[in-house]
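Asker: Starting from the known structure of chain A, arrange chain B on it as the hints suggest.
Protein sequence lines, in the order shown, are assigned to chains A and B.
Position one of the first sequence corresponds to residue 3 (the numbering used here), numbered consecutively onward.
Position one of the second sequence corresponds to residue 106 (the numbering used here), numbered consecutively onward.
In case anyone wonders, no lab produced these hints; they're calculated from the structure.
All figures in this text were calculated on a predicted structure; none of them were measured in a lab.
In this text, a Cβ means the ideal position worked out from N, Cα and C, and glycines have one as well.
Careful: at least some of the hints might be erroneous.
[What the hints assert, rightly or not] On the chain B side, residues computed to face chain A include the following (Cβ under 10 Å): (1) Arg-107; (2) Ala-126; (3) Pro-141; (4) Trp-142; (5) Arg-144; (6) Val-146; (7) Ser-148; (8) Asp-149; (9) Gln-153; (10) Asp-155; (11) Arg-171.
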Amino acid sequence: MYGYSRSIIRGVIVAVVGLLLAAPSLGGLKAGDRLPDLASFHLEGRLPDKLLGRVVLLDFWASWCGPCKASFPAMERLHRLYRDRGLTIVAVSVDEKRENMERFVKSMNVSFATARDANQKLVAAADVQSMPTSFLIDRAGSVRFVHAGFHGVQSVRKYEEEIERLLKEPPP
Amino acid sequence: MRRITSSDLIPMPILSRASLAAALPLLIAGCAAVKPWQREVLSDAIMQPDRNPMSNQLTDHVYFSREAASGGRTVGGGGCGCN
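Just chain A, same shape as in the assembly (with noise of 0.2 Å):
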């Protein structure tokens, strides 16, 4: 009998270790690590020629997420406003179906970079807890605020304090 309630100890244990080993990573990227590089990661659509010196806000978002939808004609409006003094928006879509990513874009009819992400590697990699998120990194290459989700109003007066700050620092 006691040999039985062993094997299930063990057992349990077993499967304890086994669902941490498979766990994913809890890093994902957060603020302070280093961008990676964009280009490894093989994104359908095409990213601006140099994100390095200038401040790169990196949106992960799909076109069947409502707060996405919410945020797009704000960072346009971002974009317009912070482009010419060194603003790079990369867009990058997590849709499975590449029609549903260009219907959107399309829809939205912005002016920064839109690229998908098919194999979700890149957003697997970033580990985002909620869609939209978005890295806001600064002319150094490093990830110095990170925002999960839109809300509106108070999202985009924290971007533009945030965006206004790194501008402001000096380029590497």
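Answerer: What follows is chain B alone, placed relative to chain A:
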């Protein structure tokens, strides 16, 4: 007379210790977390339990007013039918 123990109820040859120990991790590992970027299908309108909130509100109001029935969904009240 011998007392019945739990080992009599679960015959060990059938459900061996090894198979039980092997099955447990498999059962637990069957739970999969859906990542935020994998929720395209879940976010589809057809997956929503409450696809027409206004219609449901009206139906609830009818149940509440005519049948003095309330609760079960979102309408509160004591079921007095006075609303």
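Asker: Does each hint hold? Answer for all of them.
Answerer: Do the hints match the structure? See the list:
{"no.": "1", "hint": "Arg-107", "result": "violated (14 Å)"}
{"no.": "2", "hint": "Ala-126", "result": "holds (4 Å)"}
{"no.": "3", "hint": "Pro-141", "result": "holds (5 Å)"}
{"no.": "4", "hint": "Trp-142", "result": "holds (4 Å)"}
{"no.": "5", "hint": "Arg-144", "result": "holds (8 Å)"}
{"no.": "6", "hint": "Val-146", "result": "holds (9 Å)"}
{"no.": "7", "hint": "Ser-148", "result": "holds (5 Å)"}
{"no.": "8", "hint": "Asp-149", "result": "holds (7 Å)"}
{"no.": "9", "hint": "Gln-153", "result": "violated (12 Å)"}
{"no.": "10", "hint": "Asp-155", "result": "violated (15 Å)"}
{"no.": "11", "hint": "Arg-171", "result": "violated (35 Å)"}
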